[in-house]
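**Student:** Protein chains in written order, with this note's numbering: chain A, 1 to 262; chain B, 1 to 142.
No wet-lab data here; the hints were simulated from the structure. Note that CB positions come from ideal geometry on N, CA and C, so glycine has one too. Accuracy of the hints is not assured; some may be wrong.
Unchecked claim - Here are the computed lysine-lysine pairs in the DSS-like style, where the Cα-Cα straight-line distance is at most 30 Å:
#	chain 1	residue 1	chain 2	residue 2
1	B	LYS17	A	LYS127
2	A	LYS127	B	LYS116
3	B	LYS2	B	LYS14
4	B	LYS2	A	LYS75
5	A	LYS214	B	LYS14
6	B	LYS14	B	LYS129
7	B	LYS2	A	LYS127
8	A	LYS106	B	LYS2
9	A	LYS219	A	LYS127
10	B	LYS101	A	LYS106
11	A	LYS106	A	LYS75
12	A	LYS106	B	LYS129
13	B	LYS129	B	LYS116
14	B	LYS2	B	LYS116
15	A	LYS219	B	LYS14
16	B	LYS129	A	LYS127
As the list claims (entries may be wrong) - Here are the computed distance ranges between Cβ atoms for each label pair:
#	chain 1	residue 1	chain 2	residue 2	range
17	A	VAL48	B	GLY81	24 to 34 Å
18	A	ARG221	B	GLY81	50 to 60 Å
19	A	ASN129	B	PRO138	23 to 33 Å
20	B	GLY81	A	ASP152	46 to 56 Å
21	B	GLU36	A	GLY226	43 to 53 Å
What the hints assert, rightly or not - Chain A is nowhere near these chain B residues, computed Cβ spacing over 10 Å in every case:
#	residue
22	LEU32
23	TRP53
24	LEU65
25	GLU76
26	SER97
27	GLN98
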Amino acid sequence: MLPTPSTSHVCFDRVYEPAEDSFLLLDTLSSPSESAFLHQRFGQNACVSDIAPLVLEVGVGSGVVLGFVAANARKIFGREDVLTLGTDINRFACQAASRTVETAIKDSASRTTFSDVINGDLASSLKPNAIDVFIFNPPYVPAELPDFTHHDSYNILPTGETRTTFDQDSYLLELSYAGGEDGMVVTNRMMEQMPELLSPARGVAYLLLCAQNKPEEVKQRVRNWGPGWCAETVGSSGNKAGWERLQIVRFWRITAQDTTQH
Amino acid sequence: MKLLTLNFLTCAIKSCKTSPASFPLHPRDAELEIVEADVNLAFLQNILPRLMWAELRTIASELGLPTLPEDIPEREALVEGRGEGEGEGEGGEQIPSQTAKDLHRVLLETCIQEGKLVCGNCGHEYAVKEGVANFLLPGHLV
Ligand SMILES: C[S@@+](CC[C@H](N)C(=O)[O-])C[C@H]1O[C@@H](n2cnc3c(N)ncnc32)[C@H](O)[C@@H]1O
Ligand SMILES: [Zn+2]
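For reference, chain A alone in the conformation it holds in the complex (with noise of 0.2 Å):
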């Protein structure tokens, strides 16, 4: 087992604090199958070797899952020059998470590089094409979604307040979990994105979806984007008579040149 970064500086009266599902995105990142796999797409063999893989996980929270993945790079990827971003709509969420990684880095004297932690929705801010390994793990549970009304304000701390409010504190831990209609309508926005989105060359997405999310529907839907993308399961938890309740799916796009090689 790899270390688990630390996140003892951070708040989580207003910022997710780290549960099964990030823990599952952990173990699912760094299992021998998903390090085989990753290996064989970004490792010294890959082509486009000599060119640095970017990381972007959206919904970073605590920072827990990317710092993992910028502390364990060597282990996860097979190379270390990997750049990592992340994006979160709540800014207490991108300062702790800065924080988080650049930590994580330090501490397990890995040789990556942090890119920032962008205040923003979903990907939007981000260049097209530009991403080799997308991580969400999405507010999914299916409960109406907040009231975003009050977001600019209860995005920082109020005028001359030292303190979070408790309503802004209930609200931002409402964005980290309420999905909407089946949990999926932040999901679904983020998945129109993707396939612009990820790198036509080595571009692979990890999502976590829970089983009122129809995990089958959304692995179809990848598939029906066009030739060559797959979708499957490859992490799961909380398995009860065949019923994940979490499970990690990878999308990703078989090109010529994977063909050519297998």
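Since the structure of chain A is provided, determine the placement of chain B with the ligands on it from the hints.
**Tutor:** Then chain B with the ligands, alone, in the frame of chain A:
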């Protein structure tokens, strides 16, 4: 935020993405801070093919930084004393050249702490506060 990050960002407004003027975003009223970090030669070499050099030069000049060379440096130019038999330090590790150090300073050590990032297409201004850029659009979620 680091200047390297600007290499990957564009205006968040959907209709701007197809317009070349939406990249790069132009820093305005920027307060810069130098945050020192170790030079990572292998990373610098492998990030070169991803850099939008002309745009990076524009950003550097808009920020009043020293002018970047007209052409993007070659990989080899980032290593000290190549070809003269003195490019190796202890344990055969390569030593970063001045070019590498300058590039490192611009991309990874020069941070925008406060200011705005302006889209050249629609003029929208994104605020940077305490080093965090805010790309949320009004009514973006509704
Ligand atoms: C389930 S939490 C996951 C946090 C962290 N990645 C982890 O695994 O522990 C979901 C995160 O997504 C963020 N989020 C929700 N909606 C978002 C949006 N539209 N754009 C960016 N981030 C969003 C929340 O603020 C929260 O930090
Ligand atoms: Zn614009």
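**Student:** With reference to the structure, classify each hint as holding or not holding.
**Tutor:** Each hint tested on the structure:
no.	hint	in the structure
1	B/LYS17 with A/LYS127	holds (8 Å)
2	A/LYS127 with B/LYS116	holds (18 Å)
3	B/LYS2 with B/LYS14	holds (24 Å)
4	B/LYS2 with A/LYS75	holds (26 Å)
5	A/LYS214 with B/LYS14	holds (28 Å)
6	B/LYS14 with B/LYS129	holds (24 Å)
7	B/LYS2 with A/LYS127	holds (16 Å)
8	A/LYS106 with B/LYS2	holds (18 Å)
9	A/LYS219 with A/LYS127	holds (25 Å)
10	B/LYS101 with A/LYS106	holds (20 Å)
11	A/LYS106 with A/LYS75	holds (16 Å)
12	A/LYS106 with B/LYS129	holds (25 Å)
13	B/LYS129 with B/LYS116	holds (9 Å)
14	B/LYS2 with B/LYS116	holds (14 Å)
15	A/LYS219 with B/LYS14	holds (26 Å)
16	B/LYS129 with A/LYS127	holds (22 Å)
17	A/VAL48 with B/GLY81: 24 to 34 Å	holds (28 Å)
18	A/ARG221 with B/GLY81: 50 to 60 Å	holds (54 Å)
19	A/ASN129 with B/PRO138: 23 to 33 Å	holds (27 Å)
20	B/GLY81 with A/ASP152: 46 to 56 Å	holds (53 Å)
21	B/GLU36 with A/GLY226: 43 to 53 Å	holds (46 Å)
22	LEU32	holds (15 Å)
23	TRP53	holds (15 Å)
24	LEU65	holds (18 Å)
25	GLU76	holds (13 Å)
26	SER97	holds (18 Å)
27	GLN98	holds (20 Å)
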